[in-house]
Amino acid sequence: MSSYLPNTEADRRKMLEALGVSSVEDLFEDIPKEVRQKGVGGLPGPLSEDELVRHLTALSERNCHLGQCVCFLGAGIYDHFVPSVVDAVVSRGEFYTAYTPYQPEISQGTLTAAFEYQSMICELTGMYVTNASMYDGASALAEAAFMACGVTKRDKVLAAKTVHPEYREVIRTYTRFRDVTVEEVGYKDGVLDLEDLASKLDDSVAAVLVQSPNFLGVIEDVKTLAEMAHDKGAMLVVSADPISLALLEPPGKLGADIVTGEGQALGNPASFGGPHFGFLAATKKLLRKMPGRIVGQTTDLEGRRGFVLTLQAREQHIRREKATSNICTNQALCALMGAVYMASMGKEGLKDVAKLCYDKAHYTMERLLERGFERAFGGPFFKEFTLRAPEPVETLNARLLREGFLGGYDLSRDYPEIENGWLVAVTERRTRREIDRFAEMAGGEKK
Amino acid sequence: MKKPVKLLNELSKPGRRACSLPASDVPEASEKIPEKFARKEDAALPEVSEVDLIRHFTRLSQLNYAVDVGFYPLGSCTMKYNPKVNERLSRLPGFLNLHPYQHKDLAQGALELMYGLKEMLCEITGMDELTLQPAAGAHGEMTGLMVIKAALEHRGEKKRTKIIVPDSAHGTNPASATMAGFEVLVVTSDERGNVDVENLKSLMSDEVAGIMLTNPNTLGLFEERILEIAKIIHDAGGLLYYDGANLNANLGIARPGDMGFDVVHLNLHKTFSTPHGGGGPGSGPIGVKEELAPFLPKPVIVKEGNSYRFDYDRPLSIGKVRSFYGNFNVMVRAYAYIMTMGSEGLRRVAEDAVLNANYLLERVRENFVLPFDRRCKHEFVISGSRQKKENGVTTLDMVKRLIDYGFHPPTVYFPLVVPEAMMVEPNETESIEELDAFSEALNAIAEEARKDPELVKNSPKTTPVTRLDEVTAAKRPVVTWITEEE
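Protein chains in written order, with the working numbering: chain A, 1 to 447; chain B, 1 to 486.
Derived by calculation from the structure, the hints in this document are not laboratory data.
Only pairs whose alpha carbons sit at most 35 Å apart, straight line, appear in this in silico DSBU-like list of lysine-lysine:
#	chain 1	residue 1	chain 2	residue 2
1	B	K36	A	K188
2	A	K253	B	K6
3	B	K36	A	K153
4	A	K347	B	K475
5	A	K289	B	K159
6	A	K355	A	K285
7	B	K475	A	K153
8	A	K38	B	K201
9	A	K153	A	K285
10	B	K40	A	K347
11	B	K158	A	K153
12	B	K461	B	K388
13	B	K32	A	K253
14	B	K6	A	K284
15	A	K188	A	K253
16	B	K13	A	K253
17	A	K153	A	K322
18	B	K475	A	K289
19	B	K158	B	K298
20	A	K322	B	K159
21	A	K200	B	K159
22	B	K298	A	K200
Bound-form chain A, shown alone (with noise of 0.2 Å):
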């Protein structure tokens, strides 16, 4: 523990006599003698670096990783590769070491690479504006939901049911103590139920929520969304896949007002699920609706160009309860890591990367439908999809595993409807040979 203390007893004493006081404990003697502890009691360690090294390491240990399963889980997170670089950026300890970059002449670095990623992140959402991060996709659609109340001045939001179940339901957490109602739209073969959607959709109607591809895989029709939404005065939502979208038209060009969605794919581990990073993209019009930090270009006294945060009269910090969001710290470094990583890939790597995604999901669908399983919608679909098991996927995935496997995402809880519904996820880290294994395994040898 020392070694992150500095300061000797003879530091200590020389200190204390500055302050003309005998004991740290005078330094105390505000707080009420009730409430004065002694220290914290029992705590595990202290431990030496080499201890703790064995201690985590065993306990790291006692998890299965991915790379010792092949994964075809996704819903929300998924098993992309992570090129060296982006590591190689984050672990400068100048970044990540680093504060929220309130003084700008010391923090160009940190600004430049948010001004980067929003230029990125503009390019492949299709959108005019983006914030410098939100906490993960489904806190990001939340505060969407707000931004569209407050701008329409309704209290009233459609999601559609084929939105990640996890993300329902934190917007419903998040609404509830708002005065907000969530209504949930059905679907039909996989997407929003177009019919249901315009029963639903009246002018009380803030936003329609949706995702694409949407949870159950499938790609929605966004500009038609678009175009009933906006029919009614209400915006349109749409939390995106971002890899998806080097292949995919993007929302903003198809009439999407805000644009959300979960950041882990672009060169963030899985790390059983966070820290990743959310975006927020949003039109021009909604500039100054925006919860959170904003980079923006400026030049300096000698007319040089550089960066700092902007519009923050938007922020909690300046307007206090009537600011657009309580968020402040948001996850910075990760999408420094999804900066990096879009870098990396550049425009071609990234179209390649999806274009992979895309075929081999494509492939290992028409493996398992040759072996028993069957498309439960008809929709196109770009990197999950899902099927009907002959069986129930708790035990269709608990003889994976066996092999090796991670299986897809059971859908009886969230969707029972869908009967032995199981979600599969293919990135293009996922070989020919794992495929057609894992398609012989899952259609195999029943016993």
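Go by the hints and put chain B onto chain A.
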């Protein structure tokens, strides 16, 4: 090093790439993306080589100040050293490459770590149950207030819609109250820098849900009358919320749970040494007293015999505030830190943090106005109002000059109750030599303000850029390289 930085789009050249991907080993899909869904124009991501990319980001990193570079006395931010072993451990494949939906039997180590961390944090704060789900401090505040609201509603007390927040509170407090659907009542500070208890009494009614307090408060002062405040709130049927931003001063000294707080949020990226990452990721767990435990976000981790699982069967839970379980990899670092320090080490952290702050205040007190002249805890607030009045030099000018001396400025113009505020938090990982050097610099600047105010006003001079035009940035926002081209 002063040559201008080119942005990635300016470095881009068609045909360059910084990645190597496998050739496809499957046939091209026969099912094509329908024309109406297919991207018409490529996303114009930069095309750079790997060496370009690394040099670019390395160059950017060199434009940053950071804890690894030097003293970073940002008040209420607790910029302590981030141990390197914790970085290494957080990258163990068994932590880094876990899928959140993999079967619990394949993640027992992760669950054990989370459970262990939860137990240790409960012990440290004096709380009964804890969730690790919130992603940052403000997120924890919002979650904690939602828990309070859910509990009050469950009691049938729907009309308790007001939360009391001190005038010295961080902006996230009132903003989080709004997020949780509360109205904010502001309680003033007294002449000792504490909550004005008489003013507090006058605010109480059966509409008050509770109070949010930071203790030590944002002035670095312990709320001496905390037990009296707790009694006033509890007697009126309200609850106490503890903002953990300043917990560093209390480790092993006094627990929020013992002071009467019902909900506590922690900033693992402050008190428990996980890096700030240039603004995140953080982690903002909240601890609660037993009565509030049923309302915590789900899932909660439970231990059964020697195994662990997530419990989703929580009918009174507020639900979820983010996907999955929180910022797991931040938790790994915090767990490692607590294991390294142990009980005695954590107590030493608080002692040294408080000793450092008092020593530093003693070294600079002569040159600055002290709005509240008493023993501070882990941080203190001084004012540059004398320099502003006598020399026309503002606090902003003085802290910009500190940069030329090689230090990161303290937090400035906060808390709002002190004009020209400088809020200084030298934490326990700084040595006496560092404190002496910093105090000499600050005293020298006070001298410069008297003798050569222009020098101070025109600082910093040694930085990659000089002061930036924030007004134009906000008036004519350029927020991407695409807007710039328009």
